[in-house]
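K.L.:
With chain A fixed as given, assemble chain B onto it according to the hints.
Protein chains in written order, with the working numbering: chain A, 1 to 355; chain B, 1 to 245.
Derived from the structure by calculation, the hints contain no laboratory data. Among the hints, a few may not be true.
[What the hints assert, rightly or not] Here are some, though not all, of the chain B residues that point toward chain A, as calculated from beta-carbon distances under 8 Å: (1) S76; (2) T88; (3) L97; (4) L105.
[Said to hold, decoys possible] If you want the footprint, here are the derived chain A segments under chain B, 3+ residues with CB under 8 Å: (5) 111 to 124; (6) 172 to 179.
[As the list claims (entries may be wrong)] Only pairs whose alpha carbons sit at most 27 Å apart, straight line, appear in this in silico BS3-like list of lysine-lysine: (7) B:K183 <-> A:K326; (8) B:K183 <-> B:K206; (9) B:K135 <-> A:K203; (10) A:K194 <-> B:K135; (11) A:K326 <-> A:K194.
Quantities reported herein were computed from a predicted structural model and do not represent experimental measurements. Here a beta-carbon is modelled for each residue, glycine too, at the ideal position from N, C-alpha and C.
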Amino acid sequence: MTIFRDMRATFTIAVIGILFMVLAPTVLELFAIINLTTAIALAMLALSLALVWGYGGILCFGQTAFFGVGAYAYTVAAINSGDAATAILIAVVVAIIFASVLGYFMFYGRVSDVYLAVITLTVSLILFSLIRRTSGPEYKIGDALLGGFNGVTAPPLNLPWDRAYFLFPEHVFYVAMAFLIIAYVFTAWLVRTKFGRVVISIKENELRAELLGYDIRLYKLLIFMIGAAIAGLGGVLFCNGVGRVTPDVFNLYNSALTIIWVIVGGRGTLIGPVLGAFGIFYLTSALGTQSTINNNLILGIILIIFVLAIPKGLVPTVRDWMIERKDRRIQRVRERRIRTRRTRSSTQNAEGAGE
Amino acid sequence: MNKGEIVLETRNLSMHFGGVRAVDSVNFTIWENELRCLIGPNGAGKSTFFKCLTGQIRPTSGDIVIRNLQVAGHQSHEISSLGVGIKTQVPNVFDGLSTEENIWLSARRWHNTAHANRLTTQTLDRLDLGGIREKTVGRLAHGERQWVELGMVVVTEPWLVLLDEPTAGMTYEETLRTADLIKTMNETATLIVVEHDMQFIRMISKTVTLFHEGKILMEDTLENISSNPVAREIYLGQRSNKLEQ
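Excised from the complex, chain A in its bound form (with noise of 0.2 Å):
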């Protein structure tokens, strides 16, 4: 049974990633532990769309809407609060708002599929070129300058106690991969409860889903917004990654890349799109570095290659793989002790007749 496993897979890998934190800032130099940072980050958002596509079944195209809207909420309240824990508190808050509207209008509009992957497009599309004219000294949320196209420096990190100590970046990084990992923890035993087997069931038949009397309407929206809450801090991470936040989180790149993520993880499991994010983050960065291939081409043939041969995506089908393998080495098993106990009757009969 899928669903009904216990969380011993989910602990396991909560532990390896608190190993990983523990364990990376001694080996890794300054820079790298920065750039792991904003590979969390992105990570996150890729939870996010793990949740509300893998298992919502909402292909959701904009999901980076909601990290984007995260990373300005954070960088906006942080500069006139001066505190980070509020500016984190707003910024997940706003982002929940924000996909609460977006998503009533969807779900009880009862758009579904194509339509809803091209509405939440659009809205990140449209967050992007709007963010982008906010150039001028008028554009600006109390003492927080829009800046445009440039965007805004995010302030960094502060103690909860202490607004006056900034957090250094390998605190930060501590800071990240506690909350994704508890990010993963919280959506691993969400979906394990009854609202996200009624999620799931949905997502398996919506109108038998509604035929039981489930309001199918308001569990879209409650995993759309618990999505939304998890892309947005995964935005707050990101501008602390990076340093500052632009239009560009909105951009159709990113979009793109996030459905990539998830294809190249797998649907229908958490921690694949995780790693996806990871891959594709490593992928591109060491792409970067040289200038024979253009870097979207590969990404774009990497895409092709997993829909093409590796539709599953990359965790579910090693885990099919691996239990396909126990599968068969129990069999051989099992065939080996029907012979041996077939061999053994077989010379007791012959020694039984020799006499």
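P.N.:
Chain B in isolation, oriented as in the chain A frame:
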């Protein structure tokens, strides 16, 4: 006929698609503990009527009253939440989940986890689905999928059950078992069954409603309908011999 309390009633119910009157001013009444079959040739409006009752489509005009509650235009989940069990024509099941999970999700709508677990096990035993308990429903045979869906209806212990062609694609043995199940359900619930299979209707039916061109043509026992020349002409046509079997 026994006339207890009216469970479901439609008044001048109409569903038009452009110029086509799929359901045309239908007045339909069903009393408590009745088991009613809806029959009619293809395109008679049975399925459209069924979809109006279950909230899958919003009727053009008219009323649907379930236990004194006006439900025309309500969402499917609202109608189902009244305690109505619904099975659609094409099995609507959760293909990616196991038989047990399918039935559990239905039970969990009404009960807490412990009770839902208990009811699920009971229903699996009752419908003899233990053998396919952990199998993915998408990989089951058509008849088995129908039974999983019936299990999802049974487990909620509904007081009104709406079934659209419950035996489609079933073997003879499965059809017999379904007839038994429906009779058992009828002990505690009122049932409306849309059906094509005359043999099956003969097994279960008390009163039959005959639809024709979006209207109710007659409402009687199957014997009377099958001996009625008008009914034979419009419904049965070339299939009249099938009725006589």
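K.L.:
Hints first: check each against the structure and report whether it holds.
P.N.:
Against the structure, the hints come out as follows:
1. Taken as an interface hint, S76 of chain B checks out: its beta carbon lies about 4 Å from the nearest beta carbon of chain A, inside 8 Å.
2. Satisfaction of the interface hint for T88 of chain B is found here, the shortest Cβ-Cβ separation to chain A being roughly 7 Å, below the 8 Å cut-off.
3. Interface restraint check for L97 of chain B: the shortest CB-CB distance to chain A comes to about 6 Å, inside 8 Å, so the restraint holds.
4. A hinted interface residue such as L105 of chain B counts as satisfied when its beta carbon comes closer than 8 Å to some beta carbon of chain A; here the least separation is about 5 Å, so the hint holds.
5. Counting residues of the stretch 111 to 124 of chain A whose C-beta lies closer than 8 Å to any C-beta of chain B gives 0; at least three are required, and the coverage claim is violated.
6. With a threshold of 8 Å between beta carbons, the proposed coverage of the stretch 172 to 179 of chain A by chain B is violated, since 0 of its residues qualify and at least three are required.
7. The hinted pair formed by K183 of chain B and K326 of chain A fails the criterion: a straight-line CA distance of about 46 Å is larger than 27 Å.
8. A C-alpha spacing of about 11 Å is found between K183 of chain B and K206 of chain B, which places the hinted pair at or below 27 Å, so the restraint holds.
9. For the given pair, K135 of chain B sits about 19 Å from K203 of chain A by alpha-carbon distance, which is consistent with the 27 Å threshold.
10. Taken as a hint, the K194 of chain A and K135 of chain B pair is honoured in the structure, with Cα atoms around 20 Å apart against an allowance of 27 Å.
11. For the proposed pair K326 of chain A and K194 of chain A, the alpha carbon gap of about 30 Å is over 27 Å, so the pair is violated.
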